Amino acid sequence: MNKQRMVNQVKPEVIRGEVRLPNQSVRVGSNAVGNSGKQAPINEIIRNLKKAAKEELFPPIVNPQNG
Amino acid sequence: MDNDKKTLPKQNIILDSNIIQYSVDKNASSVFVPYLSELLQRGFGFAISDITIYELLKGASTKNETEMLRILNIFQRYYLTDNVLIASAQLETIYKIEGIEAKQVEGGDKFIGATAILTGSLVLTANSRDFPSPYFQELERKALVYLEKRNRSKCILASVLSPDITMINRRFSERPKK
Numbered sequence: 000m001n002k003q004r005m006v007n008q009v010k011p012e013v014i015r016g017e018v019r020l021p022n023q024s025v026r027v028g029s030n031a032v033g034n035s036g037k038q039a040p041i042n043e044i045i046r047n048l049k050k051a052a053k054e055e056l057f058p059p060i061v062n063p064q065n066g
Numbered sequence: 000m001d002n003d004k005k006t007l008p009k010q011n012i013i014l015d016s017n018i019i020q021y022s023v024d025k026n027a028s029s030v031f032v033p034y035l036s037e038l039l040q041r042g043f044g045f046a047i048s049d050i051t052i053y054e055l056l057k058g059a060s061t062k063n064e065t066e067m068l069r070i071l072n073i074f075q076r077y078y079l080t081d082n083v084l085i086a087s088a089q090l091e092t093i094y095k096i097e098g099i100e101a102k103q104v105e106g107g108d109k110f111i112g113a114t115a116i117l118t119g120s121l122v123l124t125a126n127s128r129d130f131p132s133p134y135f136q137e138l139e140r141k142a143l144v145y146l147e148k149r150n151r152s153k154c155i156l157a158s159v160l161s162p163d164i165t166m167i168n169r170r171f172s173e174r175p176k177k
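Protein chains in written order, with numbering that gives the first Met the number 0: chain C, 0 to 66; chain E, 0 to 177.
Don't read these hints as lab results, they were simulated from the structure.
Take every hint as true, because none was put in to throw you off.
Restricting the straight-line Cα-Cα distance to at most 25 Å, the calculated cross-link-like pairs of lysine to any residue (SDA-like) are: (1) E:LYS25 to C:GLU54; (2) C:LYS50 to E:LEU71; (3) E:LYS102 to E:PHE171; (4) C:LYS49 to E:LEU56; (5) C:LYS50 to E:ASN63; (6) C:LYS49 to E:GLN40.
Simulated restraints, written as ranges between beta carbons of each label pair: (7) E:ARG174 to C:GLY36: 30 to 36 Å; (8) C:GLY33 to E:LEU68: 14 to 20 Å; (9) C:ILE41 to E:SER29: 15 to 21 Å.
On a predicted model such as this, the values are computed, not experimentally measured, just so you know.
We put the beta carbon where it would ideally sit given N, CA and C, even for glycine.
All chains, full assembly: derive it from the sequences and hints.
This is how it looks when you write it as structure tokens:
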């Protein structure tokens, strides 16, 4: 039976550690993978998502649980 | 230590492609967007993997492609670097050690999982089976209920998952040498 579990709200934390790849060890952290830098502010993210939903820009969800 | 604290970046949650799909879906967005907003208010940042761009742009018209890229560009993006590709392949190897067949988890989800491992990020997904235990632990589950066409009620379980670095490292070291 798929037991519904309410989990306490998780809070942000910084996870650090080390993952070993074949020729090197990669330090876990936000700089371990190249990234595009800062993201948009909260309001802009929310506004853009709402706009995209309103305009139905993205195709309808066909296989919702995948992806 | 205080200095260290000041320079630490905020923890990102990598949004699985299905979360973006729900968040921009006409009906589902009514519950998904408020949940994303809540996570942002709680202090998390959001990021996507390059693979999500591929997954969401497939089959788009040129007009939609432009608009969708504008939407996706608001998120911090993690690149599909060599390290991510290597770690994704290794993830598949250690899945096999646990009896998780390669076809059970799609390639895209392995890229996202590997990116979360390497960046110390969490993953938000609408399908927690794509990030299997014991390598990913569910930290939070939220039942998101919305009305579809003809007022049919639909419930999607969104999960916040964390990679278990200790378990992953242990299995990495147990991989066959030959």
